[in-house]
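Student: Residues per chain are reported as follows:
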Amino acid sequence: MGTATGIIKALNSGIKHIAIKRFTLRYPEEKLKFVGDGYQFDPSTGVGIAGLKGRHMLFHDHCTGCQLCSIACEGVAEAIAMVKVPDQQTQNKKSIMPQIDYGKCVFCGLCVDACPFYALYMTNDYELSSFSKEGLIYTPAQLAVKPYVAQDSEIKITDRGATHG
Amino acid sequence: MSAKLPPGLALQKVDERIMTLNVGPQHPGSGHMRIIVQIDGDFIVACDPDPGYVHRGEEKMAEYRNYILNIPHLERPVIHDSCNVLYPYVLGVEELLGIEVPERAKYIRVIASELNRCIYIMYWLAIYGIFLGHSTMFMWPAGDRELLIDLMEKMSGARVTHAHFVPGGVRNDLPPNFEDVCLRQVNYFEKRIKEYAAVFYDNPILIARTEKTGILSRQDAIRLGTTGSVLRASGVDYDLRKKEPYDVYDELDFQTPVLKEGDSYARSKIPWLDMMESCRIIRNALAKMPKSGSVRVKLKPNPKGGDDSVYKRVESGRGSLGCYIVSDKKPEPYRLKLSVGSFRNLIALPYLLKGEKLGNMPSVYWSLNYWPVEADR
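Chains as they are written, first to last, in our numbering: chain A, 1 to 165; chain B, 166 to 542.
Keep in mind the hints are simulated off the structure, nothing from the lab.
All residues carry an ideal CB built from backbone N, CA and C; glycine is no exception.
Check each hint, because a few of them may be wrong.
Label-pair distances were calculated between CB atoms; the ranges are [to be verified]:
{"no.": "1", "chain 1": "A", "residue 1": "Y118", "chain 2": "B", "residue 2": "N342", "range": "23 to 31 Å"}
{"no.": "2", "chain 1": "B", "residue 1": "E416", "chain 2": "A", "residue 2": "R160", "range": "32 to 40 Å"}
{"no.": "3", "chain 1": "B", "residue 1": "G298", "chain 2": "A", "residue 2": "E29", "range": "30 to 38 Å"}
{"no.": "4", "chain 1": "A", "residue 1": "Y118", "chain 2": "B", "residue 2": "P455", "range": "25 to 33 Å"}
Pairs of lysine to any residue residues, derived as SDA-like cross-links and limited to a Cα-Cα distance of at most 25 Å, are as follows [unchecked claim]:
{"no.": "5", "chain 1": "A", "residue 1": "K104", "chain 2": "B", "residue 2": "H197"}
{"no.": "6", "chain 1": "A", "residue 1": "K9", "chain 2": "B", "residue 2": "G308"}
{"no.": "7", "chain 1": "A", "residue 1": "K9", "chain 2": "B", "residue 2": "H299"}
Here chain A is said to cover these stretches of chain B; the calculated rule only asks that three of the stretch's residues, wherever they fall, bring their Cβ under 8 Å from a Cβ of chain A [said to hold, decoys possible]:
{"no.": "8", "stretch": "323-332"}
{"no.": "9", "stretch": "346-356"}
{"no.": "10", "stretch": "361-369"}
Work the whole structure out from these sequences, hints included.
Tutor: Following this line, the structure appears as structure tokens:
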């Protein structure tokens, strides 16, 4: 192939893309769709359930304060600290529950695998930015709130190319 | 310079014609490493790669964590190829602990590792494009990579650093309807990467810049101990997926691309051909995978290995990647050694750059499929 034809061919393949819809996800306006409600773990079978590894969710009525999540995190990120909580739960004699520092968390989900009482799951919430370091520390009360995550966009493939829409 | 030097030190003799130039370590092109080049006019006389700026002590860190907690930090050396970095470790621990992995988990691992290989190569290709001043080739792979990152996100829950492989299988089963989505996106991905031929690989400007630069002969490639795409671009058909099949690679139908030229162009083309084979492997594995079944063996908490050592290696995006684990009946490994492809390929750099023009340095350097963080561990 000659130099001129090669260059024209290269230009052509780029020019074709003027007519094709853009693939880019326009992030704050559009948000990606995920499978499920987030990564969960079933201790009875020892297998997880697929989902996004985002911000955690803590079920106060299941947590026994056994610290297994905190011990698992010690070898990874040291993001989980056990703190005193005001509410008295019958299964949680010591009244301690995990508090997670998202400035340190690497979202590996090994704390979820460590929990044998179905108390700690992960959710689809990934927008955790804050103006202060303290804002990244989620107390047990904050972790108990189920987040709302807008999910409206997924990859669509047509004959003319792929788009987020 | 009349002052007497302390014993053991000597002044270096400097040739007036030779200039020493430091490329890196803050250079965006070099990554976190430095290449000391000595140039005579426009030609490189000598070159001394200087890695080690992003040493993280991965091997030492592994000695203080048990076999499960080692997973998140061991995939950090190459976050784009995190499944392949974990693969030898996981295989090694399985042999140490004597675990038999379920069949479905083996197929999921192969699919995840091939998707990761493509993700890594796309990132590498994007940087190769921008090194040569080809900004379309930066944008296209960076965009098309999203198709596969989306699949990995559905599969494992994270876009990079998936922490998906564990000794005994994978962390979670595939989400419902994954096979169809995977097949559709991988087919489209393959169609897209074939379009790169017109804009990049058949582009006469690229060919003029990379052909016959930095030629590594077959004998030199073997003698210097290069692996992966560098070795296969020099005409040696050596791929661990074929030579030492692990998991289910021996049941899958694929080929390993080999080129004879050994120049930068061949080295940049091999990963691209590899991606097409990866697409073929993924389709093949999706068809052969058992439709249901267990994906993970339940382990005891804090599993302990015997008084034993094990060495496992896999073909990563950058070549053979080995993991040597010594166990001394404790929950933590006594010693863990990563033997990485990046470091082996870097050894070829001083040989390739001798006599090259300085302008060819980025293309020759990045065609070695080198990832600084992996080499430093």
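Student: With reference to the structure, classify each hint as holding or not holding.
Tutor: Each hint tested on the structure:
| no. | hint | verdict |
| --- | --- | --- |
| 1 | A:Y118 to B:N342: 23 to 31 Å | holds, 25 Å |
| 2 | B:E416 to A:R160: 32 to 40 Å | holds, 37 Å |
| 3 | B:G298 to A:E29: 30 to 38 Å | holds, 33 Å |
| 4 | A:Y118 to B:P455: 25 to 33 Å | holds, 28 Å |
| 5 | A:K104 to B:H197 | holds, 23 Å |
| 6 | A:K9 to B:G308 | holds, 21 Å |
| 7 | A:K9 to B:H299 | holds, 15 Å |
| 8 | 323-332 | holds (count 3) |
| 9 | 346-356 | holds (count 3) |
| 10 | 361-369 | holds (count 6) |
The structure agrees with every numbered hint stated previously.
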